[in-house]
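2 protein chains.
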Amino acid sequence: MRFNKAMIIEYLGTNYAGWQCQSHSPSIQEEVQKALGKLYKKPVTIVGSGRTDSGVHSMGQTANFVTDSYIGDESLVLGINSILPPDISVAKAWDVPLNFHAQKWAQKKTYLYKILHSRVRSCFYEDRAWWVKGRADMDLAPLILKEFEGTHDFTSCCALVSLKQNNVRTVLETKFYRAGDLYHLEVTGNGFLHNMVRIITGTVIKGCRGSYGPERVREMLETKDRKKGGPTAPAAGLYLKEVFYP
Amino acid sequence: MRFNKAMIIEYLGTNYAGWQCQSHSPSIQEEVQKALGKLYKKPVTIVGSGRTDSGVHSMGQTANFVTDSYIGDESLVLGINSILPPDISVAKAWDVPLNFHAQKWAQKKTYLYKILHSRVRSCFYEDRAWWVKGRADMDLAPLILKEFEGTHDFTSCCALVSLKQNNVRTVLETKFYRAGDLYHLEVTGNGFLHNMVRIITGTVIKGCRGSYGPERVREMLETKDRKKGGPTAPAAGLYLKEVFYP
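Here the protein sequences come in this chain order: A and B.
Residue numbering for the first sequence follows the working numbering, starting at 8 and increasing by one per position.
Residue numbering for the second sequence follows the working numbering, starting at 8 and increasing by one per position.
Be aware that one or more of the hints could be misleading.
The list cannot tell twin chains apart, which means a pair is met if one copy fits it or any two copies do.
[Stated by the list, open to error] Here are the simulated lysine-lysine pairs, DSS-like style, with alpha carbons at most 27 Å apart:
1) Lys41 x Lys140
2) Lys231 x Lys115
3) Lys140 x Lys248
4) Lys153 x Lys49
5) Lys140 x Lys99
6) Lys182 x Lys45
7) Lys140 x Lys45
8) Lys234 x Lys99
9) Lys234 x Lys48
Simulated from the structure, these hints should not be mistaken for lab results.
Can you make the complete structure from the sequences, with help from the hints?
In structure tokens:
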């Protein structure tokens, strides 16, 4: 008999080459597979909802794997957390239909970007937020961010290395709010191009620093010109927050 | 001419032997002194408000140092943060009278203890909070904690190695509240014995787990019996939050 199990995987991406297995450097996927291999006493392959880059974190990465032996949710979660390295943890596990596929079934995702806007750096947010120093009018941020909502060709918000043909995506919702010391920028969409959230964030912050207002986003999207936007914000501020399934 | 400068120093204590210089292992004090030495181009000795143990963090450690050359607050803060390692940062610097002494002048201190009460560990709080798994009635916590308020002989809340003669201290205020995923326990006092806040925290949590109620604290304090309390909570959850001066 075969069983399909889904899990929510949290991680600090700082010490990893990213989600996906790489031949030369440690990845989250590899660590989780190694831990599952020990629990199930045979090799296990997992499918994630998508890749995250080196240095990017997750509180919502969702993955699934098919096995021919059954371990209950509670035992799986406690067991795997005792094996995984400290910077990776599994928050939840549950049974899914055999045809569930964490990547193909994903309907939308929310990414969270954390920003420390301060004259002075803070050791507590090292590798966990983008330190934006100097003057920036953060009241502008939600207005600029909102311009990314809707269905657009996001070619201008895509790393140059991308070879994707169709760059049309839908940003369903954006949020910008303060939580504690940090600003939180959230983007929910049906799909994301490579570096899309980091480029959106960099573009928002460049506007807040006085370079332009919300109208620039329309121009950027229409002309499909990456150079109209801001810098690609650092990986360390980005979190895959949640993956939504039917 | 001589100048006296105070600073607020933040740190993650995980990779250090503690605040105070040790001959064999790296300390926060040593790192800050090295950085100041580079800025002032001569050896600088700093005085902290008090020691913190290995693994204990700070958002409010206050220190001062006397020099014969002057650097402005802004230049000092920006300069030292560019030299210090990522897990130490200086939040603020200001001029103080020549006779100011960060340890002797300290009137009271607030310590914060962070607790993750969850069935499952989380990578985000590794080395930053105490993971309390299993059942615990956290509603009891503020009631047990409150019993520590007032002036008492705190011999029962002191590491056995302490050689202090007079163990009478005053706990001025306690707080217990939820912030995000974590419970926060705060203790403000005019002075603290070695491990005092960690023993108070361990005693509160053991009570929440069903071992006893608030009356145990009175018994513990009166009998001066360390064994009546709970375990010493781990260093990783403790933060020196604020030091108060006249």
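Here's how the hints hold up against the structure:
{"no.": "1", "hint": "Lys41 x Lys140", "result": "between (40 Å within a copy, 25 Å between copies)"}
{"no.": "2", "hint": "Lys231 x Lys115", "result": "within (23 Å within a copy, 59 Å between copies)"}
{"no.": "3", "hint": "Lys140 x Lys248", "result": "both (25 Å within a copy, 24 Å between copies)"}
{"no.": "4", "hint": "Lys153 x Lys49", "result": "neither (48 Å within a copy, 52 Å between copies)"}
{"no.": "5", "hint": "Lys140 x Lys99", "result": "between (37 Å within a copy, 15 Å between copies)"}
{"no.": "6", "hint": "Lys182 x Lys45", "result": "neither (41 Å within a copy, 43 Å between copies)"}
{"no.": "7", "hint": "Lys140 x Lys45", "result": "between (45 Å within a copy, 23 Å between copies)"}
{"no.": "8", "hint": "Lys234 x Lys99", "result": "neither (41 Å within a copy, 37 Å between copies)"}
{"no.": "9", "hint": "Lys234 x Lys48", "result": "neither (51 Å within a copy, 43 Å between copies)"}
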